[in-house]
Amino acid sequence: MRREAGEVALAIEGVSLAFGGVNALSDVSFDVRSHEVRAIIGPNGAGKSSMLNVINGVYHPQKGTIKLRANGGWREFHDMKPHDAAVMGIARTFQNIALFKGMSVLDNLMTGRNLRMHSGILAQALRIGPAEREEIEHRETVERIIDFLEIQAYRKTPVGRLPYGLQKRVDLGRALASEPQMLLLDEPMAGMNLEEKQDMCRFILDANDQLGTTIVLIEHDMSVVMDISDRVVVLDYGRKIADGMPEEVRANQAVVDAYLGASH
Amino acid sequence: MGEDLGALDTFPKLLLHHARVRGERPAIREKDFGIWQTWTWRQFADEALALACGLAEEGLQGGQHVALVSDNRPRLYAAMSAVQCLGAVPVPLYQDAVAAEMAFPIQNAEIAFAFAEDQEQVDKLLEILPQCPNLRRIYFDDARGMRHYAQSLLRSYDKLLAAGRDALARDRAGIEARIAQGSGGDVAALFFTSGTTAAAKGVVHTHASLIGPSRAAAALDKLGAHDVILAYLPPAWIGQNIFSCAQAFVTGYCICCPEAPETVMADMREVGPTYYFAPPRVLEALLTQVSIRMDDASRIKRWLYRKFMEVAHRVGGALLDGEPVSALDRLSYWLGDVVVYAPLRNVLGMSRVRVGYTAGEAIGPDLFKFYRSIGINLKQLYGSTETAVFVCLQPDGQVKPDTVGPAVPGVELKFSGARELLVRSPGLFAEYYKNPGATAQAKDRDGWFHTGDAGFFDAQGHVKIIDRVKDVGKLHDGTLFAPKYLENKLKFFPYIKEAVCFGNARESVCAFINIDVEAIGNWAEKRNMPYSGYTDLAARDEVYELVRGCVERVNADLSAEPEIANSQIRRFLILHKELDADDGELTRTRKVRRSYIGERYGALVEALYQGADSVHVEAQVKYEDGRIGSISADLKIRETKTFAAAAARKAA
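Protein sequence lines correspond, in order, to chains V and L.
Take my numbering: the last position of the first sequence gets the number 264, and nothing is skipped along the way.
Take my numbering: the last position of the second sequence gets the number 652, and nothing is skipped along the way.
Read the hints as simulated data drawn from the structure, not as lab findings.
All values reported here derive from a predicted model rather than from experimental measurement.
Ideal Cβ positions, reconstructed from N, Cα and C, are used throughout, including at glycine.
Be careful, since some hints might not be right.
Cβ pair distances, simulated, as ranges [as the list claims (entries may be wrong)]:
{"no.": "1", "chain 1": "V", "residue 1": "Ser29", "chain 2": "L", "residue 2": "Arg147", "range": "52 to 58 angstroms"}
{"no.": "2", "chain 1": "V", "residue 1": "Ile121", "chain 2": "L", "residue 2": "Lys222", "range": "34 to 40 angstroms"}
{"no.": "3", "chain 1": "V", "residue 1": "Val8", "chain 2": "L", "residue 2": "Glu120", "range": "46 to 52 angstroms"}
{"no.": "4", "chain 1": "V", "residue 1": "Arg127", "chain 2": "L", "residue 2": "Gly397", "range": "55 to 61 angstroms"}
{"no.": "5", "chain 1": "V", "residue 1": "Ser29", "chain 2": "L", "residue 2": "Phe33", "range": "41 to 47 angstroms"}
{"no.": "6", "chain 1": "V", "residue 1": "Ile121", "chain 2": "L", "residue 2": "Leu331", "range": "22 to 28 angstroms"}
{"no.": "7", "chain 1": "V", "residue 1": "Val87", "chain 2": "L", "residue 2": "Arg147", "range": "58 to 64 angstroms"}
{"no.": "8", "chain 1": "V", "residue 1": "Val256", "chain 2": "L", "residue 2": "Asn522", "range": "54 to 60 angstroms"}
{"no.": "9", "chain 1": "L", "residue 1": "Ile35", "chain 2": "V", "residue 2": "Ile121", "range": "38 to 44 angstroms"}
{"no.": "10", "chain 1": "L", "residue 1": "Phe33", "chain 2": "V", "residue 2": "Ile121", "range": "23 to 29 angstroms"}
In silico SDA-like links for lysine to any residue, alpha-carbon gap of 20 angstroms or less [unchecked claim]:
{"no.": "11", "chain 1": "V", "residue 1": "Lys156", "chain 2": "L", "residue 2": "Ala219"}
{"no.": "12", "chain 1": "V", "residue 1": "Lys197", "chain 2": "L", "residue 2": "Asn346"}
{"no.": "13", "chain 1": "L", "residue 1": "Lys31", "chain 2": "V", "residue 2": "Glu140"}
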């Protein structure tokens with residue numbers, strides 16, 4: 001049993017993205033409801049990561065709009081920047097783990113709070129007055145994340161020394177530290193063994209359930225996708241070929257063809 | 001203190017006493033969200049009293065059992081105290097037990113109320129709910145993941161506490177009066193012996209039987225309110241309960257709960273406990289870590305470590321025991337302390353350890369001496385669940401690696417005809433719960449508890465435990481034959497992985513040896529000896545010589561113990577294969593199955609006793625994929641030197 005999905009929080013409308021002559025995304029539309037786990041799947045090169053990069057403001061689509069719900073109204077973006085996405089409460093993790101390897105887990109998580117820090121560099125460096133108070137507040141949030149992800153034992157360990165599965169967990173923590181409304185996860189379980197995958201699933205579901213975070217994830221492990229997502233959108237060659245509940249998608253002939261390689 | 005200690009005969013009375021006399025001193029600490037949170041004795045007592053009021057409102061009666069399934073957390077200890085305040089009986093259960101293992105204690109003790117730490121424990125209790133119809137309330141602490149649990153028997157700890165606080169504010173005198181009614185003879189706790197077999201037994205202890213030995217041992221080690229302990233072993237184990245609950249209540253020292261099981265090492269460095277307990281396997285794991293890190297250290301550091309560890313090995317133990325040591329040695333030890341030992345103690349989190357204990361199984365003398373030589377006052381003790389731990393312990397200055405020390409004051413000891421250690425003490429358990437048959441078997445009419453352990457007194461009156469009584473045999477000449485004792489002595493050498501000794505009803509002792517491939521492999525590499533694997537190494541003459549050296553050192557050791565000097569090992573062979581649980585030669589917990597091995601390799605045993613130089617063996621082996629094959633080999637047999645008994649036989 002899980003939290004009920006709410007109203008639409010993010011709407012992608014007619015998004016097309018091309019790199020030179022290559023059409024990465026062609027006229028893709030779908031929506032994400034608040035508090036749901038939304039999966040984006042598709043064969044290699046289908047445009048999944050491009051889609052996340054569009055939502056995240058890294059890529060700018062040539063056509064289409066991204067609409068985000070904010071303070072009861074809608075904000076429409078044609079030319080979103082990563083900073084806008086972050087301000088709108090969107091955080092993400094990366095396929096190849098984007099952490100500072102030489103820094104401790106704690107410091108990496110603190111960078112996730114960066115957007116919410118108001119004191120200047122100098123005040124932070126010298127820890128004077130409000131800067132110190134602020135740091136303590138942020139540290140408290142980060143400690144809650146550490147507790148949530150059960151990584152107390154690695155607080156002071158440099159990230160580069162951790163095994164891959166734990167680095168992935170820290171990456172998730174870094175994204176959660178900004179207290180996002182929506183979390184974009186790019187293959188959170190790639191390269192993990194079964195046990196690590198189970199742990200990761202639990203953390204994703206707990207974040208979704210306890211913190212109410214909306215999750216958009218790309219994943220190749222179909223059993224994971226079918227287990228944890230509420231709705232699935234399927235891309236193939238940059239087009240949306242299916243969208244619906246996991247069981248609907250599983251039964252969809254176009255999806256089966258895309259994965260098994262039917263002739264086009 | 002101004003209060004008569006004798007009047008403080010129950011844990012709740014002690015709790016109120018500490019809240020009165022040292023209300024602002026720390027009672028319990030826990031690292032939470034990265035910070036050590038302190039509960040003072042006053043806060044701790046208030047929480048326990050509030051919970052008790054809450055539980056009383058929920059209908060918990062005196063004498064009822066309450067299960068507690070949790071890791072070491074302040075709330076576990078508060079709940080345990082609360083239960084005792086009402087005259088009810090806490091039953092701590094192993095938090096890592098699977099659900100099925102919890103069913104028996106819960107049924108056996110008719111448990112209606114249970115405390116569970118988190119979702120994991122709640123799930124286990126819910127799983128066995130159909131088998132445990134009596135269970136009607138589960139209080140959970142950490143609500144994570146349980147937002148959608150709708151079962152009506154679940155209730156949060158916070159809610160219980162809030163309701164209890166209201167009730168406490170209304171009628172504090174009521175609960176205090178209830179505590180005053182308690183007496184030392186009341187049942188304080190029920191501990192289930194770890195149920196590896198179906199025959200788990202509930203051991204009933206009264207307040208008196210837990211407080212008495214705790215007080216005696218605390219006095220011996222001069223423990224006081226300023227001591228600190230780290231509570232990191234399972235709370236369901238009586239030792240944990242004694243060290244981080246009973247003795248804390250008796251002396252008023254501070255209990256520290258680690259942040260998570262994986263952070264124990266770091267937490268230990270931070271709190272710096274002054275009183276410490278660790279089973280030998282923990283100490284061994286720590287030493288291995290130290291050795292590995294030293295191997296990676298720079299050359300200068302490695303050299304310093306080697307040099308000063310030699311000094312420590314020579315004089316460290318003597319200094320700790322207050323024996324005379326030359327001025328020069330004192331100087332070099334002092335230097336070593338500055339450069340090596342003190343930093344090492346700090347890394348281990350043992351800088352402030354005043355008293356440390358190890359128990360549970362035999363500890364290797366080298367391991368034991370290592371800790372003592374760097375200035376950690378590690379000692380041994382002996383006890384069991386039934387005796388509230390303290391039977392024997394080594395007082396300062398009388399520490400030996402191979403005994404468990406003399407009896408704790410107030411404890412009477414004797415050995416039966418079969419060499420079984422019998423104990424009579426104020427700490428003896430009242431009974432096995434609902435099992436009068438087992439109680440009568442373990443505790444005879446005169447109140448002696450039969451430990452099932454065999455041993456003897458050494459010349460200084462220290463107890464030496466050698467084996468389980470049922471495994472001890474006799475040689476033809478009547479000498480005691482304690483196979484496990486000999487095997488342990490052999491296994492303390494890093495080169496020997498397993499050993500199996502034979503000798504019951506024979507004229508002498510012979511042994512099978514399994515070498516440790518890794519240790520001997522390293523040894524061989526350093527000598528440029530190429531080898532292909534275990535079987536190859538095991539047949540080498542050089543290896544036989546190495547092992548013979550080990551066996552002869554054991555023999556030399558044994559010759560100093562008149563009682564068993566004759567059980568020196570005369571002949572041995574190195575087995576051609578490693579003993580394996582898949583072949584039924586070891587149990588799953590890696591204990592040797594001596595009689596099975598004796599039958600399976602009967603021909604080898606006979607060859608050992610017939611004086612042959614070698615023997616041919618052909619044996620079936622089971623491969624991991626289930627196939628069965630056979631290997632054959634010619635095994636060499638070697639004789640070893642034995643030593644004349646050093647001292648004359650004690651008049652006995």
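Do the hints match the structure? See the list:
Checked against the given bound of 52 to 58 angstroms, the beta carbons of serine 29 of chain V and arginine 147 of chain L, roughly 33 angstroms apart, lie outside it. In this structure the supplied range 34 to 40 angstroms is violated for isoleucine 121 of chain V paired with lysine 222 of chain L, their Cβ-Cβ distance being about 54 angstroms. Between valine 8 of chain V and glutamate 120 of chain L, the C-beta spacing of about 36 angstroms breaks the proposed range 46 to 52 angstroms. Look at arginine 127 of chain V against glycine 397 of chain L: about 50 angstroms separates their beta carbons, and that is not inside 55 to 61 angstroms.
In this structure the supplied range 41 to 47 angstroms holds for serine 29 of chain V paired with phenylalanine 33 of chain L, their Cβ-Cβ distance being about 43 angstroms. At about 53 angstroms, the CB distance of isoleucine 121 of chain V to leucine 331 of chain L disagrees with the hint of 22 to 28 angstroms. In this structure the hint that valine 87 of chain V and arginine 147 of chain L lie 58 to 64 angstroms apart at CB is violated, the actual value being about 29 angstroms. The beta-carbon spacing between valine 256 of chain V and asparagine 522 of chain L, approximately 56 angstroms, falls within the hinted interval of 54 to 60 angstroms.
In this structure the hint that isoleucine 35 of chain L and isoleucine 121 of chain V lie 38 to 44 angstroms apart at CB is violated, the actual value being about 27 angstroms. Our hint of 23 to 29 angstroms for phenylalanine 33 of chain L and isoleucine 121 of chain V holds, since their Cβ atoms are close to 27 angstroms apart. Restraint check for lysine 156 of chain V and alanine 219 of chain L: not satisfied, since their Cα atoms lie roughly 40 angstroms apart, outside the 20 angstroms limit. For the suggested pair lysine 197 of chain V and asparagine 346 of chain L, the alpha carbons sit about 37 angstroms apart, so the restraint of at most 20 angstroms is broken.
Taken as a hint, the lysine 31 of chain L and glutamate 140 of chain V pair is honoured in the structure, with Cα atoms around 13 angstroms apart against an allowance of 20 angstroms.
Of the hints listed earlier, those the structure fails to meet are numbers 1, 2, 3, 4, 6, 7, 9, 11 and 12, in rising order.
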